[in-house]
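Protein chains: 2
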Amino acid sequence: MKKYTIKDIAQLAGVSKGTIDRVIHNRGNVAKDVEDKVKRLLEDIDYQPNLIARNLKNNRIYQIGALLPDPKKDAYWEVCSDGIQQALSEFSAFDIRMNTFLFDPTDTKSFTAQHKQLLDSAPDIILMVPLFYKEAKNVLEQYKSLNIQVCTFNNQIEASTANFIGQDLYQSGRVAAKLMHSIIDKGDMAIIHIDEKYKNAVHMQEKEKGFKSYYEDLNGFHDDILKCKIKYTETEDKLRDFLKDHPNLTGIFVTNSKAFHVARLLESENKNHIKLVGYDLLEENVNFLKNGVIDFLIHQNPRQQAYLGLKFLIEYLVFEKEIPGKHLLPIDIINSENVKPFLRP
Amino acid sequence: MKKYTIKDIAQLAGVSKGTIDRVIHNRGNVAKDVEDKVKRLLEDIDYQPNLIARNLKNNRIYQIGALLPDPKKDAYWEVCSDGIQQALSEFSAFDIRMNTFLFDPTDTKSFTAQHKQLLDSAPDIILMVPLFYKEAKNVLEQYKSLNIQVCTFNNQIEASTANFIGQDLYQSGRVAAKLMHSIIDKGDMAIIHIDEKYKNAVHMQEKEKGFKSYYEDLNGFHDDILKCKIKYTETEDKLRDFLKDHPNLTGIFVTNSKAFHVARLLESENKNHIKLVGYDLLEENVNFLKNGVIDFLIHQNPRQQAYLGLKFLIEYLVFEKEIPGKHLLPIDIINSENVKPFLRP
DNA sequence: TCATAAATTGTGCTCGAACACAGTTATGCG
DNA sequence: CGCATAACTGTGTTCGAGCACAATTTATGA
Chain A
197 MKKYTIKDIA
207 QLAGVSKGTI
217 DRVIHNRGNV
227 AKDVEDKVKR
237 LLEDIDYQPN
247 LIARNLKNNR
257 IYQIGALLPD
267 PKKDAYWEVC
277 SDGIQQALSE
287 FSAFDIRMNT
297 FLFDPTDTKS
307 FTAQHKQLLD
317 SAPDIILMVP
327 LFYKEAKNVL
337 EQYKSLNIQV
347 CTFNNQIEAS
357 TANFIGQDLY
367 QSGRVAAKLM
377 HSIIDKGDMA
387 IIHIDEKYKN
397 AVHMQEKEKG
407 FKSYYEDLNG
417 FHDDILKCKI
427 KYTETEDKLR
437 DFLKDHPNLT
447 GIFVTNSKAF
457 HVARLLESEN
467 KNHIKLVGYD
477 LLEENVNFLK
487 NGVIDFLIHQ
497 NPRQQAYLGL
507 KFLIEYLVFE
517 KEIPGKHLLP
527 IDIINSENVK
537 PFLRP
Chain B
197 MKKYTIKDIA
207 QLAGVSKGTI
217 DRVIHNRGNV
227 AKDVEDKVKR
237 LLEDIDYQPN
247 LIARNLKNNR
257 IYQIGALLPD
267 PKKDAYWEVC
277 SDGIQQALSE
287 FSAFDIRMNT
297 FLFDPTDTKS
307 FTAQHKQLLD
317 SAPDIILMVP
327 LFYKEAKNVL
337 EQYKSLNIQV
347 CTFNNQIEAS
357 TANFIGQDLY
367 QSGRVAAKLM
377 HSIIDKGDMA
387 IIHIDEKYKN
397 AVHMQEKEKG
407 FKSYYEDLNG
417 FHDDILKCKI
427 KYTETEDKLR
437 DFLKDHPNLT
447 GIFVTNSKAF
457 HVARLLESEN
467 KNHIKLVGYD
477 LLEENVNFLK
487 NGVIDFLIHQ
497 NPRQQAYLGL
507 KFLIEYLVFE
517 KEIPGKHLLP
527 IDIINSENVK
537 PFLRP
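Those protein sequences? They're chains A and B, same order as listed. For the first sequence, the working numbering begins at 197 and goes up steadily by one. For the second sequence, the working numbering begins at 197 and goes up steadily by one.
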């Protein structure tokens, strides 16, 4: 109940607070028997240091570096800054300085260049989106050897990579399939990968696997699950051809945020019977969601991802809390009626 | 950039820190011209007090009172304590003591009795679920006259009631309708109110209105939207009769957490063609969601409601942040594939 | 044995805000 | 003018942890 201070403990142990301090921080210069006694005492009363006092004394300026995709190049990343702002405002009692470095999500060179800039800013800790597998792996190793803690989000480089915030992509593929199946239960299904300028191959494959696994687990589905890979530059023509080739198509699952491309075509060709499920609340997607061309969107919540990542980092710096190795966000299902509160405030 | 301290300001103004302090806290005993000068200075440099130092000095024990429904009487409330624990752990640096008083959600007398106990515990601030309209209104007024800040969640007493966290119930009715409409587009719909032992009439009516409004906005829906009120004690018989009377029924919307009652009947009577949408992730509901009898559940997220309410209160106490007058949570759509991360950890 | 080094322990100041109290200047009034 | 009182201003301590340095005790060696 009562909160013990170092002074209390000093009195209980019959030594001075300096000695208690030395024991707590293992700074040596303490007689063996005294050290043991104090350590036992600390255990017994479950001593918790007053973090308020500690922070006042330390009175540090925490430098946080961020390596994020430029939202000007891909609107998906726009909301990240909201999440970052929220985390900063929650911890405004502490002196936390952010240095944000934006890289071009279509350009690995920009990534490494910005990374170098980030390193020069001497951050205590780093928040980043490891968009490019090879480059990010390098960068992460570099941080590790420099003993700088990193928190990543959105893209998981490897299953083992620590401190990751994101979604279970396989499961989100299953969610998409379940949604699709609940709104249409016959006809062929198509999984469409619209290539982004940057490779998100792992992302899309996981979603595809999840989607397929749902239908495989099902009994009594005997139509086809088709697959279609389209280059970003030739989207419209290829799509049109694909639709022509598969007249029995009733559902399309787009594995990234580009569902609006498909929606545009479905609308112009009046193929209202084809159901469409995609990802992410980009303005264009939301418009097609509202007018009914897109049926469901899965929300990956980059805002919350950035918010949580930064929050974990700050709590690590300020309160020495552990950063959870892997934090999976729930998979939000969005339709035209519940979309509003998920959009930017 | 630089953070100014009271000492800095004292130096800048050519007075002592005592005077700065008096100006900041309007404690008087300051010459008019000096006061003006210091106030202008504070404005100019946008002085923000160091909240860490303030809290260390004040060194207060904050007493928070909670007036919540007993989860033993209704499992819906079980997850609230998780949310409360999370908020407490986030603010473990401060000395925050919770006194929780549980009332029987079927008994208004228990509510007022626990409220009296709560008052005796001399709380600085209060978190509560104002389950009963009349009684809660009284209680809220009492707190107001005692100048104790309150944060309510789950039930909004009146549109004007300040400091409320919950969902837009009308909109959640619309979400249910949209879901229903996307999985079945012909046949009659039924809105079923299963009376709880405590009256949640306003809740259920709002959801009903929202549900209906969706179908009214629709063109080309010409089947019926039926309505059925059932007393908790006679659920099964009444339901069976209702189903017999309406053979054209294809969708049922249950306006509270009791969808499992309907699911049980649908399963035993093998009426798999009737779609079912309900509320809340009770274990029984989730089981029916997983085996496909319930198609969608809407998650009201009591855990997050309690978490946010407590967080707002603590930030008010500790950092003097304003409590947002009304905070609406997003309406989560749950199916069998995305349910897992929403359940208790 | 005693000077000196080494090991151990204690003291006191700091961080920034809050507040009590001491100290200083101004004002009023006989 | 003098003195009391009011009006105002400055100083010093506190909160708890952290750390530098002073003080003390113990060990070592000639």
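Careful: at least some of the hints might be erroneous.
If several chains are the same, the list does not tell them apart, and a pair holds so long as it fits within one copy or across any two.
[What the hints assert, rightly or not] Cut-off 27 Å, straight-line C-alpha distance, at most; resulting in silico cross-link-like pairs (BS3-like, lysine-lysine):
hint, residue 1, residue 2
1, K198, K305
2, K330, K213
3, K228, K427
4, K536, K408
5, K517, K268
6, K517, K408
7, K522, K486
8, K340, K423
9, K486, K228
10, K269, K312
11, K305, K425
12, K517, K536
13, K203, K312
14, K405, K536
15, K228, K330
16, K253, K213
17, K486, K253
18, K440, K467
Treat the hints as calculated values from the structure; they're not laboratory data. Just so you know, these numbers come straight off a predicted model, no measurement behind them.
Do the hints match the structure? See the list:
no.: 1; hint: K198 to K305; result: neither (56 Å within a copy, 35 Å between copies)
no.: 2; hint: K330 to K213; result: neither (51 Å within a copy, 56 Å between copies)
no.: 3; hint: K228 to K427; result: neither (70 Å within a copy, 72 Å between copies)
no.: 4; hint: K536 to K408; result: between (30 Å within a copy, 19 Å between copies)
no.: 5; hint: K517 to K268; result: neither (34 Å within a copy, 33 Å between copies)
no.: 6; hint: K517 to K408; result: neither (39 Å within a copy, 49 Å between copies)
no.: 7; hint: K522 to K486; result: between (34 Å within a copy, 26 Å between copies)
no.: 8; hint: K340 to K423; result: neither (39 Å within a copy, 62 Å between copies)
no.: 9; hint: K486 to K228; result: neither (72 Å within a copy, 60 Å between copies)
no.: 10; hint: K269 to K312; result: within (20 Å within a copy, 59 Å between copies)
no.: 11; hint: K305 to K425; result: within (26 Å within a copy, 65 Å between copies)
no.: 12; hint: K517 to K536; result: between (34 Å within a copy, 26 Å between copies)
no.: 13; hint: K203 to K312; result: neither (46 Å within a copy, 39 Å between copies)
no.: 14; hint: K405 to K536; result: between (30 Å within a copy, 19 Å between copies)
no.: 15; hint: K228 to K330; result: neither (50 Å within a copy, 66 Å between copies)
no.: 16; hint: K253 to K213; result: both (16 Å within a copy, 20 Å between copies)
no.: 17; hint: K486 to K253; result: neither (54 Å within a copy, 53 Å between copies)
no.: 18; hint: K440 to K467; result: within (11 Å within a copy, 38 Å between copies)
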